[in-house]
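Protein chains in written order, with the working numbering: chain P, 28 to 437; chain X, 51 to 114.
Keep in mind that the hints are not guaranteed to be accurate.
Here are the simulated EDC-like cross-link-like pairs (lysine to aspartate or glutamate), alpha carbons at most 20 Å apart as the crow flies [said to hold, decoys possible]: (1) X:59 with P:64; (2) X:59 with P:247; (3) P:234 with P:247; (4) P:145 with X:114; (5) P:405 with P:344; (6) P:69 with P:306; (7) X:59 with P:92; (8) P:146 with X:77; (9) X:59 with P:306; (10) P:145 with X:96; (11) P:366 with P:64.
Everything labelled a hint here was simulated from the structure, so no lab data went into it.
For reference, the chains in residue letters:
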Amino acid sequence: MTGYDAPKSIYGPVTDWVTDFDHGDPQYNRHAHAIWDELRDKCPVAHSDRYGGTWLPVTHELVREIAYDTENFTSRAVVVSTEIPLDPAPIGGAPPITSDPPFHHEARRVVLPPFSPKKIAEWEPEIRRLCNELLDEMEAEAKTGLTVDAAIQYAQHIPVNVIARMLGFPLEDQDLFREFVHDLLENINLDPQDRISAFERIDAYLKAQIDDHIANPRDDLTGYLLDVELFGEKIPHELVGGFILLLLVAGIDTTWSAIGSSLWHLATHADDRRRLANDPSLMPTAIEEFLRAYAPVTMARLVAKDHDFHGCPMKKDEWVLLPFPAANLDPAEFPDADKVLIDRAENRHSAFGLGIHRCLGSNLARLELRVAVEEFIKRFPDFELAHGEEGVVWSVGQIRGPRALPVRIA
Amino acid sequence: MRIHVDAQKCQGHNRCYALAPELFDVDDYGQAVVIGDGNVPPELVERARLAVANCPEFAITLSE
């Protein structure tokens, strides 16, 4: 019951993480913290020839510098893969995450209001209800002595369900949305033609949903995007599809990973689990610390023009990974960076990115993460890994989190 | 003590609003705004300091 297929790769396994790293190698996310520590000591900007050339800076200072530099680095493509999408700057295929200034600013203002903290707070009761529905099923299984899976039976369902409701998409298509995410974000090192086919399949689905909303207008996020104005005009339907591609794909495995990693930590650190279960007032700092230590999202940029970056000869159209999780573990930026301190009060982490592309859905992600962890430990104050680390399957690619997390409920 | 948000630097992470809702509000776009004239009463100084220390964009300052 893993429900998870490891992606196929056109590249072989990595033999040297300094000169030939590949975040599409299944070993990368499993051993990410050790790999980043090694690179921070040896580089701190690694280069690999894979994907047509990829750079990987691992210090907070360098990640930050690139995140703020929209001249030398374009967001036109943000998922490192064997295929660079053709959509040109400054719009890109999934605005505003794939957009550059000045278009970016206007596109972002269109989608910020529905994701503002006050709008998102309205979803809390619904998220809590959903979590409890999932926990009811897990509790019934656990009572019969079965092992349950905190990633497959719990974490993965929460963000998919919420975004499907927000967009007004059929709830029965949730498995399909996870397939889309798997195709776009994990199957990154396929033959380029397979990548293109995956995009075409998603585009066709989104077009059908948009057509359905045009024929049957309703009050949801898709309806909002069809109605709202950008530069004083309604947004062309093809571009609406781009916005929706971002909203559908970006919120799913990211939050699912954050929930899963947090539960992984609590399954493997009994002291923190007991402390948090006994003292819910620690929840706000604990959530921020999980976001720092297990930040799920590494973004990417394309080099916009040939230039020298701190001695690295970066060439146009090479990829640059922005590992915010590695930045969050930089000892130059955080005292006891390698320790998870659930009462860490000063925590200037960058789990949601830095600069103009700060995660649009951060308020929703935070809410889902907090409610999911709160309800889980309220229901199951005592749980541990059922099959040790061997039973845990980590994701592949830029989004890091457990895809299988079998736990034994005490 | 007075608290100040640099609107050019703020990217709407909302850490300040979560830590000290007595001092910060957010607008419809999720951007932080200082409530009132930004004067920080003594009992909220510690929270104001935490808002400064947790802002990922270094957008908040506290001054005499």
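Against the structure, the hints:
no.	hint	result
1	X:59 with P:64	30 Å, violated
2	X:59 with P:247	31 Å, violated
3	P:234 with P:247	16 Å, holds
4	P:145 with X:114	31 Å, violated
5	P:405 with P:344	48 Å, violated
6	P:69 with P:306	41 Å, violated
7	X:59 with P:92	14 Å, holds
8	P:146 with X:77	11 Å, holds
9	X:59 with P:306	35 Å, violated
10	P:145 with X:96	25 Å, violated
11	P:366 with P:64	13 Å, holds
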